[in-house]
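I would like the entire structure built from these sequences, with the hints used as guidance.
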Amino acid sequence: MNTESRPREPAAGGGARDPGPAADGPAGPGPSARRPHARLRRLGRHLLLSEYFVLYLSILYMLALGPFLPQLFAAQNLADMVSNIWPLLVVAIGQNFVLITAGIDLSQTSNMALTSVIGAVLIVTSCDPVLFSKCPLWGTFLTEHGGPLAGMALGVPIAILIMLVIGSLIGWVNGVAVARFKMPAFMVTLTTMMFFSAVAIYLPKSENIQNLPHAFNVLGKGRIGPVPIPLLVGAGVAVGAHLLLSRTLFGRRLYAVGTNPVASTISGIPTARIITRAYVLAGFCAALASVLYSARLEMGRPTLARTQFIDIVGANVIAGVSLSGGKGKITWTLFGVIFFVLLANTLNLLDLPFYSIDIVKGLVIFGAAFLDVLRTRAAAQGH
Amino acid sequence: MHASMEGRGPSMEAPEGAAFQFLGVTKSFFGVPVLREVSLSLRPGSVLGLVGENGAGKSTLMNVMGGVLRPDGGRMLLGGTPYQPQEPGDARAAGIGFIHQELNLFTNLSVAENMFIESFPTLRRTPAIDKRRMAERTREHLAQIGLDISPGALVETLSPGERQLVEIAKVLAMQPRIFIFDEPTTSLTAKETGLLFEVIRRLRTRRASIIYISHILGHVAELADEVAVLRNGELVATGPTAEYPVPRMISCMVGRDLKSIFPPKASAPQEEVLLRVEKLSQPGIVRDVDLTVHKGEIVGLFGLMGSGRTELARMIFGVDRYERGTVRVGNGLLPRGDPRAAIERGMAFVTENRREEGLLMNVSIADNIGLVALPEFARAVTGHLRRRRLQEATAQKAQELHIKATSYEAQPAKSLSGGNQQKVVLAKWLLAAPRILLVDEPTRGIDVGAKYDVYTIIGELARRGSGVLYISSELEELLAVADRILVMNRGELVGQFERSEFAEERVMRAAFRQGDEVRP
Amino acid sequence: MRFRIGLLVAAGLLAGALVLPRPTQAANKKLTIAFSFQDLETEFWVAGHKAIAETLAKRGFKVIEKNCSKDANLQLEQVKGLLTQNVDGVIIIPVDGELAVTIGKLANQAQIPYGVFNRPPSNKDAKALVVVADNRKIAADAVDYMAQQAKKLGRKVTPAIMVGDLGDPNAVGRRQGFYDVIEKYPELWTGKPIEIPTKWDANVGLQNLQSAVQANPNIDFLFTSSDFLFPVIKSVLAPQGKWEKSGSAKHVILGGLDGDKTACGLIRDGYLDSTGVQNLFAEAEMITDAITAAVGAGEKTPEKWMDDHGFALTQANFKQRHLDMWGCRLLEGK
Amino acid sequence: MGSRASRGILRNTTFVLFVLVFVVFGMLARNFLTLGNLQVILSNSSYIGIITVGMTFVLLVGGIDLSVGSIMYLSAVATSLVVNDLELSPWLGVVACLGVGLAFGALNAFAVTRLGIVPFIATLVTMIAGRGLGLLVTQSVQLDFPDSITLLATVRLGGVQLNILIYALVVAAAALFLAYTSWGRRLYAVGNDPEAARKAGLKVPRLIGSTYVLSGVCAALGGFVSIAQIGRVPAGFGRNNEFDAIAAAVLGGVSLFGGVGTVFPGALLGTVMIRVIQAGLVARNIDIYIQPIIMGAIIFFAVLLDALRNLQLKKLGRRNIMKMET
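Protein chains in written order, with the working numbering: chain A, 24 to 406; chain B, 3 to 522; chain C, 32 to 365; chain D, 65 to 390.
Hints are supplied without guarantee of correctness; some may be wrong.
[Unchecked claim] Below, a list of computed lysine-lysine pairs in the DSSO-like style, where the Cα atoms sit at most 27 angstroms apart:
| hint | chain 1 | residue 1 | chain 2 | residue 2 |
| --- | --- | --- | --- | --- |
| 1 | A | Lys157 | C | Lys223 |
| 2 | A | Lys228 | C | Lys223 |
| 3 | C | Lys136 | C | Lys101 |
| 4 | C | Lys168 | C | Lys183 |
| 5 | C | Lys331 | A | Lys228 |
| 6 | C | Lys281 | A | Lys244 |
| 7 | A | Lys244 | C | Lys136 |
| 8 | C | Lys331 | A | Lys157 |
| 9 | A | Lys228 | C | Lys281 |
| 10 | B | Lys281 | D | Lys263 |
| 11 | B | Lys133 | D | Lys263 |
| 12 | C | Lys61 | A | Lys244 |
| 13 | B | Lys297 | B | Lys267 |
| 14 | A | Lys228 | C | Lys230 |
| 15 | C | Lys183 | A | Lys157 |
| 16 | D | Lys267 | B | Lys133 |
| 17 | D | Lys378 | B | Lys281 |
| 18 | A | Lys352 | B | Lys281 |
| 19 | C | Lys187 | A | Lys244 |
| 20 | A | Lys157 | C | Lys281 |
| 21 | A | Lys205 | D | Lys267 |
| 22 | A | Lys157 | C | Lys230 |
| 23 | B | Lys406 | B | Lys416 |
| 24 | C | Lys281 | C | Lys187 |
| 25 | C | Lys215 | A | Lys228 |
| 26 | C | Lys183 | A | Lys228 |
| 27 | A | Lys244 | C | Lys158 |
| 28 | A | Lys244 | C | Lys183 |
| 29 | D | Lys378 | A | Lys205 |
| 30 | B | Lys416 | D | Lys263 |
It is worth saying that the hints were derived from the structure and are not from the lab.
So this is what it looks like as structure tokens:
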């Protein structure tokens, strides 16, 4: 969806201004190079224009806060912060695929909630009749002795597999609606969001599902050797996604479709299929993130991630992923997520009255967004 | 007409009452000079044909005049008084009407609204738009250029030609004294072009001054009183049209004597049939079309704008669906509405508009060229791309077709001139080594040099044994490149001419049979 | 130029954002209690939050407050953060009972005394000081009184309930309490109760209540899952001439839960029959006492379960008990 | 001709669907197809409807405004300051309310048009920080409004509730503005192609900016209407209303890509349709766990139907490229 009113293509597009008909030489005034402190400015420009801008920004922010917040660098806190990155990263990466196609997926949150509930229902080891006897699954799927896969040898992996499949299916529904029936992505995913969130609450009649097997919970904070499992998952997804986008046929075609669907179709790209896949990936990632969140919370939650949409899209957009399609990299998403997590963490450590937290958060996001605009302009001049 | 040319020949004084004068105008981007001391003056009641290759500086000069760009040096005089536009508005106010090459119409608004978007007529003492008055005035303006469409019609429902004429009417409505026409005929039918020329002549008789820019030199010769030729930002020649027949214009433009506009014909048709279309029909668009393309043959498809030729190509290639009929490649039946099937069978389709359907404007040249053949560079299961090979292949193609760019990897397609953009589109398809090539107006709006290259590329492809269906509304180019010409009119094939029977007027007559396309 | 100005502006903004907060460590060696609560969007939570924060402050604690605005994951991350600031104690109003357990385990690991306010942990896996009110029971009490009133009418009544956000355990518990009573007196009702979703949003409540009344004009037994909806109810019933004191023929038997100011006023004036009350201030006292004691005694993982049985303030017992209701105390400024 | 007839139907699917939904629920639920109920539905559509009108303007120029919910809250806070704390007349309250809406709308406009921040982020910031600002003032204590405000909701002119009249007024004004003034038509132009608009010498930033200001004012007004109805403003007031508004507008045929859509009938129908569905579900007394599921499904199919219709229209449109139906 094009919500941009500034000249369409930022930095990477090269030249924020269209050179126009049969470009008689590039348009736009040259960079103002005739100024003092040229070297300093060049350094500034370099930092500003670099791919890693948002990362630099985060580091700067962290250093700037250091003196106020010694505990920011406490080993435990750093560990927590890092552990908070991965689930968000996974779901945000999913969103990135969709954003590249100039779409948007609001249903990721309810996707996470539903898969969380379903996964939990399958493996829960025991549940209280008082709470669950009224819920539609009682007797068939749920009993005092838990769900169908409870205590089974491969119960947990199977359950996770099912979660991922269902997540992907939800994505597929979105994808088909958008790609085949040409429905506006925003509306499609808004309605599926309402729908599946309602289903997630309906199945367990609002109850959280606790008593999940340790084999599952361990995914939330367990380690393999020194490495936390969520880190492995998150990093794995990130690397995979990065390769998928930058090194494969699908990746190239995804960008093409996001840039110009008509030209792509005529060039023999299966536009509809590519778009559908993007949504499937978004669904898959949501489900995977749901595994991580559910595990760390040690329960299936019908309201999981209810308020998270803003962070998911925000993290992407702040890092320069364009809502009008064709632009987006996994590294950007990573930096955006780091930025948001860092922001949340510092706001949490700072002893602020609750209302000023929102104000500060707003200001920081604003600052970051504005710097991004400046870099777009600078880049435009530079071209 | 007088024009001064620094350093070349005796510089003459600009005459009294020159409508407009450039005096030593210079302009450069990033230190690269685009206009070098251009001095030129325009007489009232005359048409000046401004020609030159893409990148010669025509548009820059006109943008300076139109207030879009500011000159680095030199002066401009409007009717003898200094003229320094700060923005397009100033030029408009000063009575300079600029008809841009690309359309600036709002497709979701009506014709009338587009004409008055800058200053709507309102009911007295209210902010409300006076729709009736607006409609009346619109009708008048449209009548001036003989365009008979309802002022209330949404622009998105108009044909390209009609849109172009609306754009022109819009400028006429401002009643300027000086007109700039930048490639006005690219999307006009022959009939509409005729109308436009009448309008221009009428303007001339009303003492208006016209600058007419076009790559169709025939038109310039037909219309202009004087010609001025730009090359690399310099005014290299100027004088009465009589002294500048088309060949001389060309040699001035390219700076050397081009043997001719067209390369010698290299290909010759063979027996084997590559493409066979039978009884292709889609109500309201085409009816019972039969055609074949042989190995090594270039089949010209001539027809006026709106005759259904573009639609036909789109259906053959599978972009649009059709109700009845069959398309065979070799002897395999081609499924309907599936471009990918067509491509897998070795078909390629160069569409008529590069911007919307041909290129990914913000994407690099290399990636554009790689787009179609991409699967060939991907490993089977993983889809992992062999990027080095891809890079080499695209670069090679780009060089083969002489695409002028600083970096194929970094430079986005939109930064190229029209001609080079068209070459990128061709390169994209050639990389997939097509056996059947559908080309729709491949030389529209590109300069003579680039045209020559395009003809050569297509001819070479045919010589190597591919078949080409070449759609064009420029008959002379078909006569030059085609082995056979099919004529289309109102969705039907109405004539076929072997190379032996090529003759301009016969083909034309066929094309105009039953008059031009009807408009309700 | 513009570039440079912009840079300054942006830098300024960031700086501003950073300077705004004051460093925590500046505070002296007071004992600190971290307090994470679920949200402040209803009078009830505001009062609860206020009660605890103030009592703690009164006892010379430094209080670090965190609002997680109903986000379970955020609350988890917040408490994690708080624990790393090695505070002396943690009190939370958990988003729900299950989360209370998950967080409790962390607090136990960190060897920091842990208190849970108002919502029962779903099991005893974590050692905690717990003060809870049983929404279901309290709701049942209130609705039961309404039922008694209905009996006196000697006719069947048409019951309706305004349900809260189904993602919120309070809403669910209160709904269950309502149905407990419905099932208790099957003969009393004209039919299955009319359910009116509110999502804890006054506008949604208003719209759906109007639609419900429109479809069933004869609703005469209405329970709202939270007192904050009474103005909405009034604005719907009044135009229909149904906003009448109890005793009048057109009176709609009315019940609520929370026990806020408005409810107190309405019972006093006779519009409201009963409202379920959690003894908020008592709860606040209990939890702060407990945590103070634990911190004082240097206990790391104290464990204690304290019930607030709550009660229903009704037309009948208003005189005797209204001062046990926090809303009335606020109303009378005590 | 057949195609023309079918096109006639297709062009009005939104309306057809609307009537369909209405009738179906009319048959399913008691006292649904009554004048009284119609009034209830309109009166309940009014506040979100007014906000949707503002949102429609923003969407028309290809923007988005996530901040309307927070603006509602802020302007409510301002009103309360005036009527509760300063104890001034409710009319000054209204002025303050709209003033705040205008101010924050202008803030969005500035961020989007002058600073060039993406609307999504710019309004997101206003949404987050704005809510914080409101809470800073209220300490999240809920605001109660005096009868002088709440009585406005009970006012009836010619038997019609005031808020319905206000809604009707806003819709009428906006519709006329869009259809018959230069400014209105130019908004469509900008939404269709900002670049061309700039070339045509239109003041694009001002045009775009104006829509955010309008949206802000509409949000404030809508907020006020709802305050008058409910008489009390908790800290969560207006939250998520941005999505309701966008959904209503898009359901009414307003495109998120700009340049396409109308306030009347479009946005109006969209708003009321959602309201009708919700009301119908309640009136039918469907299990509240199921209600949102059905709600989601119905809207989904409404959008699907609309999409299919567009595809169909394209086909029909293609037929007359040649203008030679025979």
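Hint check results:
Our distance criterion of 27 angstroms between C-alpha atoms is met by Lys157(A) and Lys223(C), whose separation comes to about 16 angstroms. Between the alpha carbons of Lys228(A) and Lys223(C) the distance comes to roughly 19 angstroms, so the proposed pair stays at or under 27 angstroms and holds. Distance restraint check for Lys136(C) and Lys101(C): the Cα-Cα separation of roughly 20 angstroms lies within the 27 angstroms cut-off, and the hinted pair is therefore satisfied. For the proposed pair Lys168(C) and Lys183(C), the alpha carbon gap of about 23 angstroms is at most 27 angstroms, so the pair holds.
Note on Lys331(C) and Lys228(A): the hinted pairing is violated, with a Cα-Cα distance of about 36 angstroms set against a maximum of 27 angstroms. Taking the CA atoms of Lys281(C) and Lys244(A), the gap is near 60 angstroms; set against the 27 angstroms cutoff, the hint is violated. For the proposed pair Lys244(A) and Lys136(C), the alpha carbon gap of about 13 angstroms is at most 27 angstroms, so the pair holds. A hinted pair counts as satisfied when its Cα atoms are at most 27 angstroms apart, and Lys331(C) with Lys157(A) does not qualify at roughly 39 angstroms.
With a C-alpha separation of about 35 angstroms, the suggested pairing of Lys228(A) with Lys281(C) is violated against the 27 angstroms cut-off. Simply put, Lys281(B) and Lys263(D) have alpha-carbon atoms about 46 angstroms apart, too far for the 27 angstroms limit, and the pair is violated. With a CA separation close to 24 angstroms, the supplied pair Lys133(B) and Lys263(D) stays within the 27 angstroms bound. Simply put, Lys61(C) and Lys244(A) have alpha-carbon atoms about 33 angstroms apart, too far for the 27 angstroms limit, and the pair is violated.
Between Lys297(B) and Lys267(B) the alpha-carbon distance is near 15 angstroms, which keeps this suggested pair within the 27 angstroms criterion. A C-alpha spacing of about 15 angstroms is found between Lys228(A) and Lys230(C), which places the hinted pair at or below 27 angstroms, so the restraint holds. Between Lys183(C) and Lys157(A), the direct Cα distance comes to roughly 32 angstroms. Violation of the 27 angstroms bound is thereby established for this hinted pair. Of the supplied pair hints, the one linking Lys267(D) and Lys133(B) holds, its CA atoms being roughly 22 angstroms apart against a limit of 27 angstroms.
For a cut-off of 27 angstroms, the pair hint linking Lys378(D) to Lys281(B) stands: about 24 angstroms separates their Cα positions. Between Lys352(A) and Lys281(B) the CA atoms are separated by roughly 49 angstroms; this puts the pair beyond 27 angstroms, and the hint is violated. Proximity of Lys187(C) to Lys244(A) is assessed by CA-CA distance (about 56 angstroms); at most 27 angstroms being required, the pair is judged violated. A C-alpha spacing of about 35 angstroms is found between Lys157(A) and Lys281(C), which places the hinted pair above 27 angstroms, so the restraint is violated.
Restraint check: the Cα-Cα separation between Lys205(A) and Lys267(D) comes to about 33 angstroms, which exceeds 27 angstroms; the hinted pair is violated. The hinted pair formed by Lys157(A) and Lys230(C) meets the criterion: a straight-line CA distance of about 21 angstroms does not exceed 27 angstroms. Under the criterion of a C-alpha separation no larger than 27 angstroms, the hint pairing Lys406(B) with Lys416(B) is consistent with the structure, at around 13 angstroms. Between Lys281(C) and Lys187(C) the alpha-carbon distance is near 15 angstroms, which keeps this suggested pair within the 27 angstroms criterion.
Only pairs whose Cα atoms come within 27 angstroms are accepted, and Lys215(C) paired with Lys228(A) is accepted, the gap being roughly 22 angstroms. Simply put, Lys183(C) and Lys228(A) have alpha-carbon atoms about 34 angstroms apart, too far for the 27 angstroms limit, and the pair is violated. Of the pairs offered as hints, the one joining Lys244(A) and Lys158(C) holds, with about 20 angstroms between alpha carbons and a cut-off of 27 angstroms not exceeded. This hinted pair does not check out: Lys244(A) and Lys183(C) have alpha carbons roughly 59 angstroms apart, beyond 27 angstroms.
For a cut-off of 27 angstroms, the pair hint linking Lys378(D) to Lys205(A) stands: about 12 angstroms separates their Cα positions. For the hint pairing Lys416(B) with Lys263(D), the CA-to-CA distance comes to about 19 angstroms; that is within 27 angstroms, so the pair holds.
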